[in-house]
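Enquirer: What follows is the residue order along each chain.
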Amino acid sequence: MNIVIVGHVDHGKSTLVGRLLADTGSLPEGKLQQVRDECQRTAKPFEYAFLLDALKDEQSQGITIDTARVFFKSKKREYILIDAPGHIEFLKNMVSGAARAEAALLVIDAEEGIQENSRRHGYLLSMLGIRQVAVCVNKMDRVGYKQEVFDRIQKEYRVFLKEIDLEPRAFIPLSALEGENLITPSKKLPWYRGPAVLEMLDSFEKSPDISARPFRMPVQGIYKFTEDEDTRRIVAGRVESGSLSVGDSVVFLPSGKRSQIKTIEAFSAPKRTSVTAGHSTGVTLTEQVYVNRGDVMCRVKEPLPGVSSLLRVKLFWMGKRPMVLDRPYKLKVAAAQVSVRLKKIERVIDASELKPAAKKEIGRHDVAQCVLQAASAVAFDLMHDLEATGRFVIVDEVDIAGGGIILEMIEDGHDALRRQVTEREQKWDFSVVEPEERTKRYGHRPAFVLLTGKVGVDKKTIAKELEKRLFGLHGAATYFLGMGNLLRGLNTDVEQHRLERHEHVRRMGEVAHLFLDAGLIVVATGSNINDAELSELHEMTSREGMVVVNVGPNGFKSAVVDLNLDPVAGTEKNVRNILQLLKDRKILRDA
Amino acid sequence: MTHLEKIESQSVYILREAHHHFRNLAMLWSIGKDSTVMLWLARKAFFGHVPFPLVHIDTDFKIPEMIRYRDKLALDWKLNMITGRNEQALQEGRTFPAGKLTRVECCKTLKTDALVNTLSGKWPRYRMDHATGKYVPDTNKEPYTGVIVGARADEEGSRSKERYFSPRDKESNWEVGDQPPELWNQFKTDFAPGTHIRVHPLLDWTELDIWEYIEKEKIPVVPLYFDQGKGERYRSLGCYPCTFPVKSTAKNVKEIIEELKTGKFRNIAERSGRAQDKEDGGGLETLRREGYM
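So the protein sequences, as listed, match chains A and B.
Quick note on our numbering: the first sequence kicks off at 31 and runs consecutively.
Quick note on our numbering: the second sequence kicks off at 3 and runs consecutively.
Among the hints, a few may not be true.
Across the chosen pairs, the derived CB separations fall in these ranges [unchecked claim]:
1. THR491(A) <-> PRO195(B): 20 to 28 Å
2. PRO195(B) <-> THR54(A): 42 to 50 Å
3. GLU177(B) <-> PHE460(A): 42 to 50 Å
4. GLU260(B) <-> GLN64(A): 25 to 33 Å
5. ARG262(A) <-> GLU177(B): 21 to 29 Å
6. ALA100(B) <-> SER298(A): 56 to 64 Å
7. THR104(B) <-> LYS350(A): 36 to 44 Å
8. GLN90(B) <-> SER298(A): 15 to 23 Å
Keep in mind that the hints were calculated from the coordinates and are not lab data.
Computed from a predicted structure; not experimentally measured.
Backbone N, C-alpha and C define an ideal beta-carbon position, used for all residues, glycine too.
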């Protein structure tokens with residue numbers, strides 16, 4: 031079981047963990063002596079925390095910088111203790127540690143009382159969905175093991191926990207330094223009748239079995255390895271909830287494609303006909319459908335996840351720069367990844383004071399409730415229904431900068447088009463050449479690069495130069511799709527009228543979709559494309575590979591643009607920026 | 003689910019994420035038990051295939067059985083086997099065994115430097131030709147941007163602080179004070195040009211887990227781990243001048259598990275037979291910050 035130890039800086043988390051290890055005989059022989067000797071050599075007083083704070087900087091500064099995984103065994107079971115840092119500067123490390131845990135010990139210094147991070151860590155535990163929390167009131171030796179001190183802290187902190195809807199399992203008085211009330215009840219605390227720390231740990235429950243919940247398997251990859259005449263086409267992923275058997279009818283969301291389970295595959299393992307939550311597995315299908323990584327495989331007869339491009343979420347920001355309304359980000363939900371932008375900030379909360387603040391951006395360490403607009407639809411659950419598909423992270427350029435939970439789905443009005451696309455995909459006559467084989471041959475993934483902007487802004491020069499560079503320098507299979515060529519050919523039956531604009535956009539999308547299916551990087555330009563048209567294009571192409579580059583003033587209201595270019599910067603620089611974006615998106619090789 | 007099933011599933015998940023996100027991906031194979039388990043987990047993840055090269059840094063001081071075992075498995079399992087080494091240092095005798103360097107300096111020269119330059123493609127790489135079983139110069143000189151490493155959190159302090167996906171800067175340095183967040187199996191898979199990511203699928207495994215999994219899956223390991231009748235065996239494998247056998251009569255995997263659970267090694271750290279860890283206070287941390295596994 032994974033347990034995280036959290037709390038304010040210097041309240042004794044590492045000492046608590048170090049002491050637990052030492053007193054249960056969980057340390058390797060000689061380790062304690064080695065640390066004592068080292069302290070003597072460097073003329074530092076011995077601290078149990080040194081057993082954990084292994085990094086040189088941690089020992090010299092006397093603080094924990096990053097979480098440590100420590101293995102520890104009680105008579106009942108095995109544990110990984112995750113010792114999290116309490117310093118505000120390292121909050122992202124605390125969150126990383128807590129996100130791996132099934133239960134938590136929250137440490138409060140009896141002498142210093144409840145501090146800023148005692149509250150902030152409590153709030154984050156609640157938000158991360160950790161329901162099993164015991165509060166350890168440490169350093170009782172410093173206050174003479176007095177019950178009044180303990181009672182006062184308990185009373186005050188309970189009020190706070192109630193506000194954030196977290197019911198603690200226990201409040202435990204102890205002294206980690208003196209080893210009181212850790213392994214066995216302490217004689218110095220005769221007034222306390224609750225469990226000692228070790229007993230508390232052993233009474234935490236394993237997370238409930240989620241095999242009986244609706245089946246979800248986010249697709250991590252579609253494998254077709256041709257070596258040794260292997261002909262299997264395997265849809266691989268981990269079962270996050272529910273269970274699946276051979277013969278089950280499944281649907282992949284958001285694409286809506288359906289098929290049936292033919293086999294459950296495994297290497298060097300007995301043949302199996304069903305698989306349950308927690309297992310990393312792979313299946314073959316009776317009817318071939320093209321599934322994308324990131325799709326969620328579900329069972330047809332069970333409650334299905336929501337599908338939309340609009341989500342109401344609560345998120346926690348860790349980025350060095352704030353999250354703002356007009357910058358594109360990446361949203362990762364389970365195995366899916368889409369471009370996203372912040373559509374609306376509903377409220378920002380200071381997690382230590384629980385005070386709402388009127389803010390136009392989400393700063394570092396802020397918690398915010400907001401609406402996210404994804405470039406195309408994602409499949410997801412609400413956090414309180416299913417955790418694994420109900421939480422997400424936000425990537426700012428190359429860094430994970432935010433994490434959060436999904437509170438609510440908001441209809442985005444694209445259901446009709448989505449059904450149409452699903453029907454097309456369901457009946458699609460697939461090539462015998464697999465997409466991955468094309469990627470291997472061409473040395474890049476397919477993409478639809480759409481340059482948008484106002485009429486009169488020169489997009490075509492950039493687009494054509496991009497095609498030339500892709501073809502020449504990168505040896506890519508690429509094509510510039512001229513809007514004029516479509517109008518004078520494929521579209522001659524459609525009038526050049528504003529009312530018919532929708533049909534022109536639709537045809538452009540379908541042609542781009544064919545090019546994507548053929549594995550190409552197709553480059554196109556479109557003037558005065560509006561928000562609705564852009565999301566339709568996203569829906570129609572239904573791949574990860576659509577890249578939107580806006581040139582000049584950005585006329586979109588809330589749609590996600592992957593890159594904004596200034597025509598003044600010159601074609602050379604603008605093309606270079608697009609190429610870099612294609613590398614960042616891993617469409618072109620990353621070298 | 004059993005404990006072994008859980009950690010197996012997590013490692014497989016990590017390997018599949020790495021495979022998706024990095025096109026220039028390689029797995030470091032030290033020939034030891036941990037990275038051999040990791041290789042087996044890759045075959046689990048990809049249903050019998052290993053869709054990336056295995057890289058072995060050959061210090062020239064490896065115990066000969068290790069090299070024989072490596073090449074046999076590479077042939078049997080049809081692995082894309084790559085090796086690299088610090089040829090110049092070996093020629094000039096700039097090593098600990100030749101007396102010119104300390105143990106830690108030697109590790110840096112023959113392992114870290116060779117590793118960093120083999121991964122970046124600056125120094126020659128050799129690829130096994132499966133038709134002949136011999137090694138030929140590799141034509142691929144592109145840097146590996148994702149490198150899968152078999153480090154375990156329980157081995158020593160600096161490894162207990164690692165992320166599953168851990169970035170390295172242009173000089174392969176590890177910025178340990180400023181690691182990226184890692185939430186709910188969402189890993190750092192994007193990186194700036196010139197940098198790379200170390201992937202650690204075995205962080206949650208202990209030495210005992212490794213042996214119990216080897217037993218369960220019947221994974222072949224180098225016979226050096228077993229007592230061949232002399233009353234000693236290797237608990238951890240490295241270069242012969244710096245790795246010493248331990249006194250033990252464990253002759254097979256079952257007996258090793260027994261020894262770790264209830265026997266003489268129950269409370270003794272695995273790397274206690276590795277001399278370089280003890281040379282300066284944080285020997286391994288220093289090495290690892292500079293790019294060591």
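Enquirer: Look at each hint and say if it fits the structure.
Expert: A quick look at each hint next to the structure:
The given range of 20 to 28 Å is respected by THR491(A) and PRO195(B), whose C-beta atoms sit roughly 26 Å from each other. Between PRO195(B) and THR54(A) the beta carbons are some 47 Å apart, a value that agrees with the proposed interval 42 to 50 Å. Separated by about 45 Å at the C-beta atoms, GLU177(B) and PHE460(A) satisfy the suggested range of 42 to 50 Å. As the Cβ distance of GLU260(B) to GLN64(A) is approximately 27 Å, the hint placing it in 25 to 33 Å holds.
About 41 Å separates the C-beta atoms of ARG262(A) and GLU177(B), a value inconsistent with the hinted range of 21 to 29 Å. For ALA100(B) and SER298(A), the hinted distance range of 56 to 64 Å is not satisfied, since their beta carbons lie about 43 Å from each other. For the hinted restraint 36 to 44 Å between THR104(B) and LYS350(A), the CB-CB distance of approximately 39 Å keeps it satisfied. Restraint check, GLN90(B) to SER298(A): a C-beta distance of roughly 42 Å breaks the suggested window 15 to 23 Å.
Of the hints listed earlier, those the structure fails to meet are numbers 5, 6 and 8, in rising order.
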